[in-house]
Amino acid sequence: MTFTSVPWLELAVGVPLVGGACLARVRDPYMAFRGCLALASISLVCAVAASGGYAWGLTTDGTSTNDLLYKLVGRKVFTVDALSATLVPILALIHLLTAISTSRTKMSRFSFSWLLICQAIRMATFACDGWDLGILLVVGVLPPYLELRWRGRPTGVYVFHMLLFVALLLSGLAAGGEIAVVLLMGAVLVRNGTVPVHVWVTDLFENGSFGGALLYSTPITAMYAALRLVLPLQPSDWILVAIGSASLVTAVYAAGMAIVQTDARRFFAFLFLSHASLVLVGLELHTAISLTGALALWGSVMLSMTGFGLTLRALEGRFGRLSLAEFRGLYASSPALAVSFLLTGLASVGFPGMSGFVAAELLVDGAMGANPFVGLVVVVASALNGVAVMRAYFYLFTGVRYTSGVELGITAGERVAVLTLTALILAGGFYPQAYITSRHHAAQAALGSRNEVTPAVEH
Amino acid sequence: MVDLAQLTATAGTIAIIAPAALVMILGGTSLLGLPLAERAIDRACRGLISIGLLATITVLVLMLVTGDRHIVVDLGNWVSIHPLHSEGGHLPYHFGVKFQFDRLSVPLAILSFTLCGTIAAFATRYLHREPGYNRFFALFSVFLAGMVTASLADTIETLFAGWEMVGLSSALLVAYFHERPGPARNGLRVWIVYRVSDAALLFAAVALHHMTGEGDFDQLMGNQSWPHGRAALTESQALAIGLLLLLAAAGKSALVPFSEWLPRAMEGPTPSSAVFYGALSVHLGAFLLLRLSPLIAVSVWLAVAIVTIGLLTSLYAGLVVAVQTDIKSALSFASLAQVGIIVAEIGLGHWVPFLWYVALAHLLGHACLRTLQFVRAPSLLRDYRELENAIGDRLPRPPGPLAAAPVRIRGWLYRFALERGYLDNFLSEYVARPFVALFLALDRLERRWTRLLNGEKKHTSLPPTPAPQPVASLQTRPEVAESHQ
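For the protein sequence lines, the chains are W and E, in the order given.
In terms of numbering that gives the first Met the number 0, the first sequence opens at residue 0 and continues consecutively.
In terms of numbering that gives the first Met the number 0, the second sequence opens at residue 0 and continues consecutively.
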């Protein structure tokens, strides 16, 4: 058996899928937790191997001659390229870290088998194209819905927006010509939470489990859909300008909303929406520099917002739902979480020395080339996000010291998660060349596919 | 034979690495949950700041020996990408990490190391056994690294990185005594002003990068050492970028209309007030203008704007300082009055370039004086009390500058000074409040829409949100805690 004969990518998707189904029978939460860690770790190793094989030129698309799906359906289903080779391992990592950082008090209520199944769906989504991608995008909207139902929370907002998304997506895939592009872009905007069809994101964070909402949102699946389904259709400039303008408005609007929120979950949801929209702005500019910036920002936002969200989740595990209407004074109880909150929050807004800094610079530079006004708005949104992060920090961690009779410091699992993300964020900040180069290749490929004359979506 | 160029480059690299190493030691150990003991922190600060200072002095001596007035330490490209397709003539992008040692950067770097070293030695005793000792020095190291990076930067992006580090550490140190809401509110207020300043600088940096093809100061100055050189930009380009930089400088140096954050910043511990707002941080805006003096040389309107802002700030601070009743606020406004004059000198350099040297000398001297005054302030108050107790009466007080004003406007001037020029109220009422009100209204609308779609009669989401108390709560006036002076 050689390295290339192992179906790494299928294993990365299949292990959590099968493992998750098996784990559903385990009733002991701690055993389920340990099983989940083992399976998610195996999936991460397989994802790294698949991406490494592609990056080092051992495989052309991360596939193997022993791929089961190839033998079943006679075509390659899961592949990686310059774009997804980085994203698939990041996805596996954030699922693993979310599982690791789940506190013992939450284990009985958190479904680890469900996490693994969702991980498999998302990783499969980020490893396919065309109709396969469309179907997986539709399948991907189900887990949050089911979770809301199980929790007995209202589903109206989510269902309304996801029905709209599915309708636009499927009709866009089925249609041809410019109308297909318009429909697909509409689907992308809904899935990304663009104003005014964004309330499902805040609603999901308010009513769903924080971990589930975090993992559903932070991968910014809409960007992937846009790059895979829309750019190859050679959208007209006016469509790209429209999506860019809507994203710009959302970036500033969500940043402003994040500043005035008094509930930590809604604050996080708006902060995330602002960042996700900034990533989408790169599409409008469609130059290699701006798209490189957008892709680099995408990965950075995935990592930093996951870290930020996990920190908030850890705080919620200790103190319950967090209000930002008063100074909570949590620093003394959890200094390591305070540092983590600050680091991941600042990384998300592109603080120097962190992974988002160069990405934001590239995005603004690309925007300046296209339209100085776009660059200005991106800078304003970034500044507002910075204010929102620090405001939340001050409200959560300063004030009269919170005293507790029990130990509320960071746990070993949380420390592993936070340090891993911090290491990646700082590595991406101090040595960004390798990461930026890989994103640049992906941007070139995406623009190349846009410039090629291709038929509509491959049917 | 010793290769002096190589020796200079090595010394320069050490000067850059020393503060970064301090950040890694103090920040890294804190991050890993293994904070150092007070003695170890003291030694790390003394050792690495001394190494950085000696390295910078070595560079200065070698510059004097060799006669080379512009030495560049190029650490290579942080990022470099080359588009394959020619998209609208988009140039290859590179983000260089370059540092320069010249007549402007070396004095400021030496000043930064000297004052930070002095204040670190002072703070090890002042904050002995304080719960936040480790946190103070971790942030202090970030500040030093930011100051040195900004001072020695040879590209505007590198300068921006240092600028942001200074801003973050400053805001967090204003909120150092974080068990009281006052410092936290003021820290946030300072951060908001800094973000405006950062946004202006970032936009200027990217615009400059875009117009000149790269952000190197060498290119901007036409490969001439400071203060010679003239930006290779048109007058309108220089004015546009220059105004953005003036906005950035105004935020960082508390120039009008952003002056009100300076007394708020005095909530921090005395050592940080001394070195940040009395000496270094408050001068960083002036330094930025000095560094980009080639732009001022190009645009007369930019020079006029800078002189106007500088004089207005000086006049404003000169009036307000006359009615201050606590020593740190009085010192902060006195400091601001001088910063205003320094900025005006920089603007006047458009007509008399020698004034850029004057401004630099003014900046250095003023920073040293203010540091001394801030550090002396707590014991000075005690000495005054002892003196008054000894003589059994109040010490005579000379009449303030308001006494010389005509009677008709004296009352108005007094109110103006007492309200600190109404700047705080203006920003709160006409900027912060409408912003907050708008977004709160939108938030209410969104909640209604969500309830409608969810089919809820009334709000049932968790948790019951208390009455909103967002940025508007920043409108409280700064209360300088005398207990921490």
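None of these hints come from the bench; they were simulated from the model.
All values reported here derive from a predicted model rather than from experimental measurement.
A portion of the hints provided could be inaccurate.
[What the hints assert, rightly or not] Here are some chain W residues the structure puts well away from chain E; computed CB gaps all over 10 angstroms: (1) Met30; (2) Leu57; (3) Leu361.
[Claimed, not checked] If you anchor each label on the Cβ, the simulated ranges turn out as follows: (4) W:Gly176 x E:Leu451: 33 to 43 angstroms; (5) W:Gly129 x E:Glu455: 51 to 61 angstroms; (6) E:Gly364 x W:Trp55: 56 to 66 angstroms; (7) W:Gly176 x E:Leu441: 33 to 43 angstroms; (8) E:Gly46 x W:Ala426: 18 to 28 angstroms; (9) W:Arg74 x E:Ala231: 51 to 61 angstroms; (10) E:Leu368 x W:Ala444: 53 to 63 angstroms; (11) E:Ala231 x W:Gln233: 33 to 43 angstroms; (12) E:Lys456 x W:Leu141: 24 to 34 angstroms; (13) E:Arg443 x W:Ala173: 34 to 44 angstroms; (14) W:Ala422 x E:Ala231: 53 to 63 angstroms.
[To be verified] Under 8 angstroms between C-beta atoms, here's a sample of chain W residues computed to sit facing chain E: (15) Leu167; (16) Leu169; (17) Gly385; (18) Tyr401; (19) Pro431.
All C-beta atoms, glycine included, are put in the ideal place defined by N, C-alpha and C.
Could you see if the CB distance from arginine 74 of chain W to alanine 231 of chain E stays within 51 to 61 angstroms? holds (57 angstroms)
Quick one, is the leucine 167 of chain W hint okay against chain E at 8 angstroms, beta carbons? Result: violated, 18 angstroms to nearest chain E Cβ.
Let's test the interface hint: is any C-beta of chain E closer than 8 angstroms to that of proline 431 of chain W? holds (5 angstroms)
Note whether the CB distance of glycine 176 of chain W and leucine 451 of chain E lies within 33 to 43 angstroms or breaks it. Because 36 angstroms falls inside the window, the suggested range holds.
Quick check on the hint: tyrosine 401 of chain W CB to chain E CB, less than 8 angstroms? violated (10 angstroms)
Could one say that the CB atoms of glycine 129 of chain W and glutamate 455 of chain E fall in the range 51 to 61 angstroms? Since the Cβ atoms of glycine 129 of chain W and glutamate 455 of chain E sit about 39 angstroms apart, the hinted range of 51 to 61 angstroms is violated.
Determine whether the Cβ-Cβ distance between alanine 422 of chain W and alanine 231 of chain E falls within the hinted range of 53 to 63 angstroms. Distance hint for alanine 422 of chain W, alanine 231 of chain E is violated at roughly 42 angstroms.
Against chain E, does leucine 361 of chain W keep a CB gap of more than 10 angstroms to every residue? violated (7 angstroms)
Whether methionine 30 of chain W stays farther than 10 angstroms from all C-beta atoms of chain E, as the label says: holds (29 angstroms)
Could you check if leucine 169 of chain W really has its C-beta closer than 8 angstroms to a C-beta on chain E? violated (22 angstroms)
Cβ separation check - leucine 57 of chain W to all of chain E, threshold 10 angstroms: holds (24 angstroms)
Does 34 to 44 angstroms hold as the CB distance between arginine 443 of chain E and alanine 173 of chain W, or does it fail? Roughly 39 angstroms apart at Cβ, these two residues keep to the hinted range, so it holds.
Violated hints, listed in ascending order, are 3, 5, 14, 15, 16, 18; each of the other numbered hints is respected by the structure.
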